[in-house]
Amino acid sequence: MLAFISARQAGLDDPLRLRRAECTRRVLSLELNKDRDVERIHGSGVNTLDIEPVEGRYMLSGGSDGVIVLYDLENFSRKPCYTCKAICSVGRSHPDVHKFSVETVQWYPHDTGMFTSSSFDKTLKIWDTNTLQPADVFNFEGTVYSHHMSPIATKHCLIAVGTKSPKVQLCDLKSGSCSQILQGHRQEVLAVVWSPRSEYILATASADSRVKLWDVRRASGCLITLDQHNGEKSKASSEAANTAHNGRVNGLCFTSDGLHLLTMGTDDRMRLWNSSSGENTLVNYGKVCNESRKGLKFTISHGCDPEFAFVPYGSTIAVYTIYSGELITMLRGHYNTVDCCVFQPNFQELYSGSKDCNILAWVPALREPIPDEDAEKQYLNPAFEDGWSSSDDEG
Amino acid sequence: MERRRQLIPATLRAKKRRLQPGPESGEADGRVEPALRSLASLFPRQLFEDTLPPLVLKHQLYSVVKDRTAVDRQLSCLKDEGLVRLFQLGFDADTFAVAFAQDYEAKVLQSVVGKDHAGTVRRFLGSVLTSCPELSYDKGQMLRDFGFQDPDITQLVNAGVLTVRDAGSWWLAVPGAGRFIKCFIKGRKAMLGLIQKAKYKEVLLSDLQSRQAPSAVKLGLPYHIHDLIGAQLVDCIPCTSGTLLRLADP
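So the protein sequences, as listed, match chains U and C. Anchor point for the first sequence: position 227 equals 227 in full-length UniProt numbering, and the numbering is continuous, going up by one each time. Anchor point for the second sequence: position 208 equals 208 in full-length UniProt numbering, and the numbering is continuous, going up by one each time.
Chain U extracted, bound-state conformation (with noise of 0.2 Å):
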């Protein structure tokens, strides 16, 4: 460590190198910390969550109730216990709340005034933050899967859905219309992501165990149907032919960089395909279970030398490397089924939401602090005190 701050102190090394190589210490020695807690507000099973890319201060969730909480995730208390509080949530007496399961949240790419939420109750609703209510539903005509605004687009305000028809809609922020669609798939498609190197590129999974990439200025129809056994024929069954999984696609999830895409299957397997070419990488991460029946919502950590994916994996989540295919570690901690993750990159923190109600904060274990002799008393957390006394007197 030392050798790496004189190194880039002398300008011997890139200043870049340092900062990896500690996100990657960091990454790797995730684990739960006593002190972290995000606060219990879902009475059922969170479904989805969002860090908002601007700060990664707040963090957005939706519940299978219909419930969004929004949750601020920065310590100001001076003390290392700490539990992230939820600022504001739409319960279910709020008059607008969603009716059945919010599948999808997602926060405006540019700034935290808006949000997006999208349910099983065939809506997509827009929401202004400060006064937590919808500027604008879009209707749909089957449930709704999954949604996605793109990160870096600055010409167009599309946000892509997926719904339970084989058409992709494609909603226009601006204009409020819902008239563009992307066809292409034959049966529902359970994920949609946009490209983050590209503003016009959109990846599209469907249970017709296609992954499609589409540019949505072109008319025509989409650009790369990912194929498994790249081109070759020979590999599979004539069924089987230009497929991304041998069964539903429910996971899509792009690099940091855009260069590579990865892709969850109920075939138990995870692709690794490269975003440019469509081919697939062959990079086998062996069996990585998925029961999933809607969309599988995992992440990729972006600021690290092996970048690492964490898929949930029934109880626990699988960490990865991406390029290697070699699992590292599994994070034991929920009770329950976990349906999703986000990484907080600043911090390289990971969040993820369960079945089991519960939100978990995995935190790099720190170092140990050199203890001080004349230092006052660590300040330790209360559940952990000692309250045993010897002396025989109550109380």
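Honestly, the hints are just simulated from the structure, not real lab data. Some hints here could point you the wrong way.
[What the hints assert, rightly or not] The calculated DSSO-like cross-link candidates involving lysine-lysine, where the alpha carbons are at most 30 Å apart (straight line), are:
hint, chain 1, residue 1, chain 2, residue 2
1, C, Lys218, U, Lys287
2, C, Lys182, U, Lys99
3, U, Lys85, U, Lys287
4, C, Lys139, U, Lys287
5, C, Lys201, U, Lys287
6, U, Lys287, C, Lys186
7, C, Lys199, U, Lys287
8, U, Lys99, U, Lys164
9, U, Lys99, U, Lys122
10, C, Lys189, C, Lys66
11, C, Lys66, U, Lys287
12, U, Lys294, U, Lys167
13, C, Lys79, C, Lys139
14, U, Lys287, C, Lys189
15, U, Lys164, C, Lys58
16, U, Lys355, C, Lys201
17, U, Lys99, U, Lys294
Chain C: place on chain U using the hints.
Frame of chain U, contents of chain C only:
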């Protein structure tokens, strides 16, 4: 935690190094070919009266060489060079059998000696097998590139070298492999039943290896153990008494 500390790049670790534990198994080499040969030696030739080449399932390699991506890459290099051939066995879309090309050709020729279609099979082996490392062939390819007509193709199917995949395309097959597949499926079921009946559905690896093979397991215990571990039908949990094999949740 041990594994995680090993993964942190060496430059970040403190100067004092603890003694690292030695490599877990003898084949920590990471090379696929020696692993293939050692697994092929586990195949019981005498059970099938020496008519089958030693068949190794691709996922058995994952239990010997830990890095799956490296196994896949090296195997596809070996396949392109023509050293090994891959076959689709038919009971699972993802399961592939691997056999050395020389053994395969020798056994095929041995199986057609004295039969009518020997000439066609020899021609097939000579022309198609040497040029195409594929797993399956379709009608257009056979007609155009290699000049095999319908009666020839029927002879090849009768010889067992080709199996029907769907209308107009065929998988490459091993003649007489049906007996192997039957023994394999029965053996796998027996092994899984063994672990299912154990208390807590788990069994120590050393304990399993020292047990007598149940009568349904004809291919040998080590062969099936590699199969179960590689296909991730059991989870390998390291514990103080060795490796524990626990049945994976379906």
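Here is how each hint holds up against the structure:
Restraint check for C:Lys218 and U:Lys287: the C-alpha separation of about 27 Å stays at or below 30 Å, so the hint holds. Note on C:Lys182 and U:Lys99: the hinted pairing is violated, with a Cα-Cα distance of about 53 Å set against a maximum of 30 Å. Between U:Lys85 and U:Lys287 the alpha-carbon distance is near 37 Å, which puts this suggested pair outside the 30 Å criterion. For the hint linking C:Lys139 to U:Lys287, the alpha-carbon distance of about 35 Å lies beyond 30 Å, and the restraint is violated.
Between C:Lys201 and U:Lys287, the direct Cα distance comes to roughly 20 Å. Compliance with the 30 Å bound is thereby established for this hinted pair. Annotation: proposed proximity of U:Lys287 to C:Lys186 holds, straight-line Cα distance about 23 Å (limit 30 Å). For the given pair, C:Lys199 sits about 25 Å from U:Lys287 by alpha-carbon distance, which is consistent with the 30 Å threshold. Restraint check for U:Lys99 and U:Lys164: the C-alpha separation of about 17 Å stays at or below 30 Å, so the hint holds.
Proposed proximity of U:Lys99 and U:Lys122 is supported: the alpha carbons are some 9 Å apart, at most 30 Å. Distance check on the hinted pair: C:Lys189 and C:Lys66 sit about 25 Å apart at the alpha-carbon level, within 30 Å; holds. For the given pair, C:Lys66 sits about 14 Å from U:Lys287 by alpha-carbon distance, which is consistent with the 30 Å threshold. A threshold of 30 Å between alpha carbons decides the hint, and for U:Lys294 with U:Lys167 the separation of about 17 Å falls inside it, so the pair holds.
For the suggested pair C:Lys79 and C:Lys139, the alpha carbons sit about 23 Å apart, so the restraint of at most 30 Å is met. Of the pairs offered as hints, the one joining U:Lys287 and C:Lys189 holds, with about 20 Å between alpha carbons and a cut-off of 30 Å not exceeded. Between U:Lys164 and C:Lys58 the CA atoms are separated by roughly 38 Å; this puts the pair beyond 30 Å, and the hint is violated. Taken as a hint, the U:Lys355 and C:Lys201 pair is honoured in the structure, with Cα atoms around 26 Å apart against an allowance of 30 Å.
For the suggested pair U:Lys99 and U:Lys294, the alpha carbons sit about 18 Å apart, so the restraint of at most 30 Å is met.
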